[in-house]
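**Student:** So the chains spell out like this:
Protein chains: 2
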Amino acid sequence: MACSLQDLAFLEASKAAEIDEKLMGPLGFSIDQLMELAGLSVATATSEYCAQNLQRILVVCGPGNNGGDGLVAARHLYHFGYKPVVCYPKQTAKPLYQGLVTQLASLDVPVLQELPSAEAIERDFDVVVDAIFGFSFKGEIRAPFADIISTLKKISKPIVSVDVPSGWDVNEGNKGGVGLEPAVLISLTAPKLCAKHFKGHHFLGGRFVPPAIRDEFGLKLPTYPGLSRKRPL
Amino acid sequence: MACSLQDLAFLEASKAAEIDEKLMGPLGFSIDQLMELAGLSVATATSEYCAQNLQRILVVCGPGNNGGDGLVAARHLYHFGYKPVVCYPKQTAKPLYQGLVTQLASLDVPVLQELPSAEAIERDFDVVVDAIFGFSFKGEIRAPFADIISTLKKISKPIVSVDVPSGWDVNEGNKGGVGLEPAVLISLTAPKLCAKHFKGHHFLGGRFVPPAIRDEFGLKLPTYPGLSRKRPL
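Chains as they are written, first to last, in full-length UniProt numbering: chain A, 1 to 233; chain B, 1 to 233.
The following block holds chain A by itself, in its conformation from the complex:
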């Protein structure tokens, strides 16, 4: 099912933002819908990578939409039978995000305010989902995420990054090596430009792009198999 990277179109950060605006504007999607579908595809791709042997999943969520995708993914991972723990240090007061936290609380999924130490992560988790920063990240990494990324860079457990490896320049990749080096990248809607530099397991999620968006932005999207919410690239 894999397809050659040459066959794909990669999106600049600014184009990814434009697509989001169109989806939530003239195309009639709500952010609740898109985040649910994105988070579900993150959970299904993570589950394909983790299979039965990586059960204890730490989902580290940033302050924006990428973090919201992580909150949704953690809920679905629970329903898939995994043992997710969420770290969500900068919580937003928006009702959507508060609802996502409430949903996790109703499942007794722990939501931590601080990242465990590198030693504790090594001991207590099999895999880390990086839902810290997405395609709208730019500039300096602000507190507390600079320390969080620095800690995550020390661990040997595999990292699954949502859409963009946190700390990477969305267009240029891991500039100065300050970002994470994930084992798995789950591109949402379409791969971002930085994904050209990614060498690990690459999934595509977000099976909802209308032909008008595909054509306007020149996306070359491979087909998804069967009913799947994700596909390998």
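Be a bit skeptical, because a hint or two may be false.
To spell it out: a stretch of chain A is covered by chain B in this simulated footprint if at least three of its residues, at any positions, have a beta carbon under 8 Å from a beta carbon of chain B; those stretches are [unchecked claim]:
(1) 20 to 29
(2) 109 to 116
(3) 124 to 132
(4) 147 to 154
List time: in silico DSSO-like cross-link candidates among lysine-lysine, alpha-carbon distance up to 27 Å [unchecked claim]:
(5) A:Lys83 / B:Lys220
(6) A:Lys22 / A:Lys196
(7) A:Lys138 / A:Lys83
(8) A:Lys199 / A:Lys154
(9) B:Lys138 / B:Lys175
(10) B:Lys138 / B:Lys90
(11) A:Lys153 / A:Lys94
(12) B:Lys94 / A:Lys22
(13) B:Lys94 / B:Lys154
(14) B:Lys199 / B:Lys153
(15) B:Lys94 / A:Lys94
(16) A:Lys22 / B:Lys83
(17) A:Lys83 / B:Lys138
(18) A:Lys154 / A:Lys83
(19) B:Lys153 / B:Lys138
(20) B:Lys199 / A:Lys220
(21) B:Lys220 / A:Lys94
It should be emphasised that the hints constitute simulated quantities derived from the structure, not laboratory data. Beta carbons are placed, not taken as given, at the ideal position from N, Cα and C, and that holds for glycine.
Starting from the known structure of chain A, arrange chain B on it as the hints suggest.
**Tutor:** Same frame as chain A, but now just chain B:
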């Protein structure tokens, strides 16, 4: 994967309404989220029934949430490679529903205001999804849905009902034989009381029920296989 019907708990209409209120109140779900997940499970169960040979799907949508599930399902069926056509005669002005219609329009999925004739349905479609009335239906069938159900009762093509076969009393079943007799029923969250009288292919969808709801309402929910959004009952 099938389980005995004796192993299930069936929900009265009033209890199903209480669960919805809890999900969208203290449990923090938005209707956008729940409808997206419900409609996706309808699409996946319909796809399992239709396989490759039933491609032309007429999705008949009522004025409420059951109709909204149908609008979502039609979109996912498009992305799964089917050829859905929607009939949505009583459209609501709520932004969520208008958005769902806009999403279908962006995929060039036709949205009809009137049901085709029985002859046209026989000729042009392989299967009909009945998303007319759900668990909150009671009393008389109002126009234009009395005529619609009457027309659908004439066709020989298989009907897939969402949550409750339209025209059935939610607790007591097909009283007076006025309701549809679907080949397939997709129960959402948990089967309603009337599903005890259903003899066809029965699926369960809605993989998001927290243990607190399961325990409070005495639901006996079978496990879902793998990552699936539905399971046979």
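**Student:** Failing hints, ascending?
**Tutor:** Violated hints: 2, 3, 4, 7, 11, 13, 17, 20, 21; rest satisfied.
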